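Protein chains: 2
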Amino acid sequence: MTETEKFDIAIEGGTVLTMSAKMEIIEDAAIGIRGSLIALVDGNRRIPAHKTIDATGHLVLPGLINTHTHLPMVCFRGLADDLPLMDWLNGHIFPMEARFVNKEMVYESAILAMAEMILSGTTTFCDGYFFENRIAEAAKACGVRAVVSQGFADFATPDNPRFDKMMSAGIRFVERWQTSAPMITPAFFCHSPYTCSPQTLVKVKAAAREAGILYLTHLLENKDETDTIVKRYGRKPVRHLLDLGVLDHQTIAVHCNWLNPEDIAVFADLGVSVSHNPVSSMKLAAGVAPVPQMLEKAIRVGLGTDGSASNNALDMFREMDASAKLHKVMSLDPTVMNAPSVLKMATSGGARLLGMENLIGSIEAGKLADIIIMDMNQPHLTPLYNPYSHLVYAARGADVKTSIINGKIVMENRRLLTIDLENAMNNVNRIATHISREHPSTMR
Amino acid sequence: MTETEKFDIAIEGGTVLTMSAKMEIIEDAAIGIRGSLIALVDGNRRIPAHKTIDATGHLVLPGLINTHTHLPMVCFRGLADDLPLMDWLNGHIFPMEARFVNKEMVYESAILAMAEMILSGTTTFCDGYFFENRIAEAAKACGVRAVVSQGFADFATPDNPRFDKMMSAGIRFVERWQTSAPMITPAFFCHSPYTCSPQTLVKVKAAAREAGILYLTHLLENKDETDTIVKRYGRKPVRHLLDLGVLDHQTIAVHCNWLNPEDIAVFADLGVSVSHNPVSSMKLAAGVAPVPQMLEKAIRVGLGTDGSASNNALDMFREMDASAKLHKVMSLDPTVMNAPSVLKMATSGGARLLGMENLIGSIEAGKLADIIIMDMNQPHLTPLYNPYSHLVYAARGADVKTSIINGKIVMENRRLLTIDLENAMNNVNRIATHISREHPSTMR
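As you go down the protein sequences, you meet chains V and Z in turn. Throughout the first sequence, residue numbering follows the working numbering, covering 107 to 550 in sequence. Throughout the second sequence, residue numbering follows the working numbering, covering 107 to 550 in sequence.
Any given hint could be a false lead.
Repeated chains share a single entry, so a pair holds when one copy, or any two copies, can fit it.
[Claimed, not checked] Cut-off 25 Å, straight-line C-alpha distance, at most; resulting in silico cross-link-like pairs (SDA-like, lysine to any residue):
#, residue 1, residue 2
1, K507, P201
2, K329, E518
3, K507, N519
4, K337, L438
5, K507, R520
Honestly, the hints are just simulated from the structure, not real lab data. Here the structure is a predicted model, which is why all the values come from computation and not from measurement.
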């Protein structure tokens, strides 16, 4: 055996939940990583490697995929809670965003958010915010896989006071990130049908199609969105988007709490996918997405945390737990959203949503090495009969011990290797001190 | 200043959420503990003590109170999930209980459960199971405050094959624990109106009144309980219990997911209190208790985890989070169950439920020293604007750093001082190996 046959990293001895189509579980597994790729997955053997991680007594699974967030909102985490939605938005979030969102704030907040995400098992996220270039730069610096969506709306945004500049800046943004960083995928995000005119929705979708990128929009988060759109355009939101021609398999609708059976049929027909954010929608009292019904129609559904101003965490284990339990109690049926199906949503399902199912979302030879290792030798995870059950109902982000993204170890034994955590917290705390000075309800 | 003036323990420099009636928050606080009692709570000073805990940058709050659990069910954690209730109970839990519940299993499981509870901030729990003597002994060994409820039902139980023995054993149980251990409070638990005859319900309540102890029962956990009771007794469950005369201020009804406005009026009138277990009821798809309506009528409501076969954790931070968010989304009103009110339910509210409001549930001079200290210097808790918000929406059990019960440090810097954790996990794993041999669906 020569030196060249060695793998860069071997993960040995763990129980691997592959999350492949066949949902294989491999005990006493060996995973061999070369460069950014999983080169080998096998059972009951040892393999030579430059670096070997002993995963005995651990679960090994694909990194979690957070399909919707607004990372810089960590700066507003817990600033204003338990408020009526419009008071929260117009009285707190929007004024604070107008005042404090800038390039530095976006970058520093994104770094801290990525620390939180890595520490809780996320290896890929899909973000939508302002100054999205800075999110992409932060993701690149931290070694986290990202879909970065430049936002569009028919009002002045902190990064683009004039709409005509948004489009050209968006196109430059896509050109920059489509070629310069393999772990960064650019996309476009139209905020919503009620903040974007039909012209904007259509124009941005045309540009997204031209560039071959994803197109996202918030949709039917709240009950009254239907009334708003009907009043303005004489048709319900999904019909509105359908008539505008912006719904297709490259469109991700975020939230969809008030999707009706007719809407579900449209989505199934056109291959539109959905990002489900149960924790945020619960906290904002926005509604409950009909996820079991969507999955029944084979709609692609992924999980997301939303921003941490409305969650207030970026921990995908919380989303899995909430998603399973919320839909059980809403339907009064404990069999819906079983644990394996929920873990699928957070891994291979999220990958399908982002069009990356051939690259990530499962542990199989040839896929990119995005892998998390969980320490199951803990009181709240003892005994262990069924790994899916424990991951969804008993584990928490803090149980993730080691995380690998694109073949690089980004966290080892809970120590972050690509982020200076102390520095990241200090930077956000400094910004927060300014925010709290101008926000009367804080205790700082 | 002489040596005799020293406190046993001082907690200095933290921000104290007292959870007193006035909800004072004391910054840079000093808490002095003497024996089992909080002797002093003050701001901006240093105090002499034999042991000083530096709580700078930490939140200090009363220990959490878990008002309903079945600790030994940790042995069945994740054994069978995502099943219809009757299949889960009759096909899995009941047969496994009949086969495996014995004195040793109850004791060893309770020790592991207490490790999990201490590690996630619980300092007092209220349990109901079989062999409750063993739970009391385990609580005494671990230094955890406990209400231990001996169970009654009209069928053979693992600890009492004959009903006539249950009553005399129950009375001996109460006599033993009313005098021998100040941190242990005995109580009686009638399993439910559908497993206990009217005679049993009445007889056990009479004995509870005689002994001056709490009387608990599961009530209206599932929707079909009303039909069952109406069919059998010609009246709805709450009316049934009312007519039997077992409802009073010493009665705790557990779950109450299907309590109607009439029932709420009865509870308010008689001072009956309610243990709310949102996570378990979500996972079992049992229903959603009308907690905002109960609180409006000043009914005492506490939070509980239920057993870990139906949760699957014993982490009160999960209950707080779920409770706030579940009721918001059910009512489509984000203002219900705000963060301070939820933290109240888990502390002072739980204490009122257990009739211990003069002893525990808040940090005030003269109360028993049940205190937890939380490390807030963490990425998912940064920045910190509002401590209530963070505790309910962002923190998790793993953020509890140090825990004091009855003036004794039981966990320091996440190291358990009264439990040999490795041993506790090994003991439960050994029992679980036997269980999984007889349970076909496990992967062990």
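Okay, the hints, checked on the actual structure:
| no. | hint | in the structure |
| --- | --- | --- |
| 1 | K507 x P201 | neither (39 Å within a copy, 36 Å between copies) |
| 2 | K329 x E518 | neither (44 Å within a copy, 47 Å between copies) |
| 3 | K507 x N519 | both (5 Å within a copy, 19 Å between copies) |
| 4 | K337 x L438 | between (35 Å within a copy, 22 Å between copies) |
| 5 | K507 x R520 | both (5 Å within a copy, 17 Å between copies) |
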